[in-house]
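Asks: For reference, the chains in residue letters:
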Amino acid sequence: MAIILDARSLCKAFGAVTAASEVSAAIEKDSIVGLIGTNGAGKTTFINIVTGYLKPDRGSIAYEGRDITRLPPRDITRLGICRSFQIPQLYGSLSVFDNMLIGIGIVLRNAGLAGYFSRRDALVPGYGEPAEAVAERILGRFGLLEYRDRNAQVLPGGARKLLDIALAMVARPRILLLDEPTSGVSAQEKFGIMQMVLEAVRAEGATVLFVEHDMEVVSRFAQRVLAFYDGRIIADAPPQAALAHPEVRRYVVGTRA
Amino acid sequence: MKQGRIRRDHTVAIAFAVFVLLAALGPWLPQWAMFIMTVAVARGLVVLGLLLLLRAGLVSFGQALFYCLGAYSAGALGRFFGISDIFVEMLVGGAVAAATAFVLGFLLARYRGIFFGLLSLALSMILYGLLVKSEALGSTDGFNILPSTLFGVRPGPDWVRYAVLVSAAAVALVAALAVHRYLNTPLGRLAPAIKDNEIRVEYMGASARRAVHVKYVIAGGLAGVGGALAATVVGHIDPEMAYWTTSGEFIFIAILAGTGNVIAPFVGALIYGAIHTMAYDLSPNTWQMTLGVALLLLIVFLPSGLWSAFSRFRWR
Amino acid sequence: MKIVNVTHGSFYAIGAYAAASMTAAWLAHGYPPMLSYAVLVVAAIVVAAPFAILIERVILRPLYSRDEVVILLVTYALFLILEDVVKLIWGVNPYFIAEPYALLGSFQVAGMAYPTYNLILVAVALFFGGGLAWLLHSTRAGKLLLAVIHDPEVSRAMGVNVGRYYLATFALGSLLAALAGAFTAPTVSVVPGLGVEVIVLSFAVVVIGGLGSLPGAAVGAVMVGLVRSLSVHYMPQVELFVIYFVMAVVLALRPRGLFSLAEPRKI
Chain H
1 MAIILDARSL CKAFGAVTAA SEVSAAIEKD SIVGLIGTNG AGKTTFINIV
51 TGYLKPDRGS IAYEGRDITR LPPRDITRLG ICRSFQIPQL YGSLSVFDNM
101 LIGIGIVLRN AGLAGYFSRR DALVPGYGEP AEAVAERILG RFGLLEYRDR
151 NAQVLPGGAR KLLDIALAMV ARPRILLLDE PTSGVSAQEK FGIMQMVLEA
201 VRAEGATVLF VEHDMEVVSR FAQRVLAFYD GRIIADAPPQ AALAHPEVRR
251 YVVGTRA
Chain V
1001 MKQGRIRRDH TVAIAFAVFV LLAALGPWLP QWAMFIMTVA VARGLVVLGL
1051 LLLLRAGLVS FGQALFYCLG AYSAGALGRF FGISDIFVEM LVGGAVAAAT
1101 AFVLGFLLAR YRGIFFGLLS LALSMILYGL LVKSEALGST DGFNILPSTL
1151 FGVRPGPDWV RYAVLVSAAA VALVAALAVH RYLNTPLGRL APAIKDNEIR
1201 VEYMGASARR AVHVKYVIAG GLAGVGGALA ATVVGHIDPE MAYWTTSGEF
1251 IFIAILAGTG NVIAPFVGAL IYGAIHTMAY DLSPNTWQMT LGVALLLLIV
1301 FLPSGLWSAF SRFRWR
Chain L
2001 MKIVNVTHGS FYAIGAYAAA SMTAAWLAHG YPPMLSYAVL VVAAIVVAAP
2051 FAILIERVIL RPLYSRDEVV ILLVTYALFL ILEDVVKLIW GVNPYFIAEP
2101 YALLGSFQVA GMAYPTYNLI LVAVALFFGG GLAWLLHSTR AGKLLLAVIH
2151 DPEVSRAMGV NVGRYYLATF ALGSLLAALA GAFTAPTVSV VPGLGVEVIV
2201 LSFAVVVIGG LGSLPGAAVG AVMVGLVRSL SVHYMPQVEL FVIYFVMAVV
2251 LALRPRGLFS LAEPRKI
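Residue numbers (my numbering), protein chains in the order written: chain H, 1 to 257; chain V, 1001 to 1316; chain L, 2001 to 2267.
It should be emphasised that the hints constitute simulated quantities derived from the structure, not laboratory data. Just so it is clear, CB atoms sit at the ideal spot from N, CA and C, and this is done for glycine as well. Watch out, some of these pointers could steer you wrong.
To be verified - Cβ pair distances, simulated, as ranges:
#1 H/Val154 <-> L/Leu2126: 45 to 55 angstroms
#2 L/Lys2143 <-> H/Thr18: 24 to 34 angstroms
#3 V/Ser1134 <-> H/Ala62: 53 to 63 angstroms
With the hints as extra help, turn the sequences into a complete structure.
Replies: Encoded structure:
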């Protein structure tokens, strides 16, 4: 299988806190990888480094063979790597629909279709429809149409998460990093949401990495698991093997099975 | 659930209507009215630029910098080159200001919030200091500007004001509609997104800094045109135009007008001119206090400016 | 306190005017000049305090929940109002009270005469600076204040009377401004517009030093003062704007000021 994302020996320290220590992972194209670990283990730091929000002290990241270590988030997004956030990052004072339109507008702009003199109803690349229609379609797929005209900041927690993920998917990324996509969502809904998200994303042919604290979700959906602890990767294996790993059991899962 | 409110955009129609009305009725207006209106157009242009920045959450306390640059450029044209064509003056004023904004934008676009405000303030005060110390440009007295000509023709004393007003209104019309169109492009729509969540903007693949830089240049250019216009209509230029209280006036008008519509800045400027004159006439010693009270009341009761009250009224 | 307070300049002016007028009256009545220093202080506090309390309670309090830009504009509006209020109360003629300044004479330093008053001012500044630092970091009330500033909602949830702390902070800050004005009064002629110059300068100082940092403000103030004096001496033509130039340079190199506080993690 082709390696789409290759992280090599990433190191990042904030003063006395080591957020990443020799983190290496070669992610295969079209795979679904779960990132597990206790809080502060370095999962979000990993995502932050991969997406350019943080620059590693040492180490490198290659995307389809190209070095992206020093690129800022916007360039990385344009290359096809998108992410959702632990705490949903939305445009609070705008409506859900407008949130989507802004995202789609940026996609149009990056495709050169949204300049000062461009057509107002340009077709969004990859969807073949004008912006409003695309927004409706994506919101529909995520079940957010009922919140269409509500301001993002008054949405209930689960809807915020979904909107955050929807925004990450607007640009039809090749790699999607989801930071705790089901946190704050009720137990019954977790599976449904993961199912829906993965279906939507996989239909586009994307590689998915997701951070998750619920081991059942991890076992069900991940093909491979990276377990973090104290800034290091302590296990890299399919879910069953990873969850049975002694260090993982000790530090992450808990020894009581 | 859709809110069945259909928002049709009447802006273009209204703008044209106002312009035509002005041009048609102009010759019958008294001189003082034309003066006030032209000054309002000048200020409105500056505030139009402020509107762009305000939408992105940036309060510039230093638009007076570009206003002053525009004015001095226009004056310099007359003083050193003998040029007094009003369109040339506005064009050069705008160009000089925009170029300056382009250079300064590299520094300023990196900042937000209070840093942006104070840095912009500092830059305008730097210009003020430079001008005050500059003997060649008249120091604190400034200098007078040549009477305006239009395409090589010097209008008679009765027609000067009208000519300037209509030229100014034409420029304002073009500017307002250009900005209006810009606000409907994806880059223009980024403004509230930048204000709300810049990290998200970056993560969606857009450069917030570049967007701010562009807006700053546009705002600077507009302020330069306004400054050149103000200089021609008042007839005199002095460093006071770069002082921070001048920037404060623009902020006041921006709050008065709100950020809802490109026509609002001009209406707001007109109203401000009226308040200013009335306050000054009522009591020359306390006009600042009146202004302050008015501003306070505005902020408390009409935070989105007069335009929002107007549109609320219309859709009732 | 995370509000940008243009009214600060007005309090400076109020302090200066109050001190100047009361001291002038004091001296005119023939009371002992040595006590005029106390008069400066008392006048500033007595006059400024009611203003501060009134403003905070009536105008600022209802508006804390709004945008920070709104507060900035509100304080700007207040500043405009107070500029004229000062003119109404004290008139437009300048006040001169040179006595407290001249009384202390000067002393010789490296062959030059240096006014003693200025030296005492430095000591006073150090006293207040140190006192404020001690207050914030070593007393219970001070630490609570830092907590309130950091997160008013959590503080409220813990039972802290946030409103009272805001009032106290605003009052304290305003009184300090008034005192500064009072102490400066004997060295200049007190005229309308005193607040204008100082507010822009003090913003420059705070920005250079870093928002929210006390040692930063001290360093910033020293830098500003030094640069200003140096420019007056060597290049008088740039005196007016060199401060802003320095501010622009500092911000270009250290975007959050020299001693800015660490930013909490956002994502």
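Asks: Work down the list of hints and note, for each, if the structure agrees.
Replies: We went through each hint and held it up to the structure:
no., hint, in the structure
1, H/Val154 <-> L/Leu2126: 45 to 55 angstroms, "holds (51 angstroms)"
2, L/Lys2143 <-> H/Thr18: 24 to 34 angstroms, "holds (30 angstroms)"
3, V/Ser1134 <-> H/Ala62: 53 to 63 angstroms, "holds (56 angstroms)"
When each numbered hint is compared with the structure, no violation occurs for any of them.
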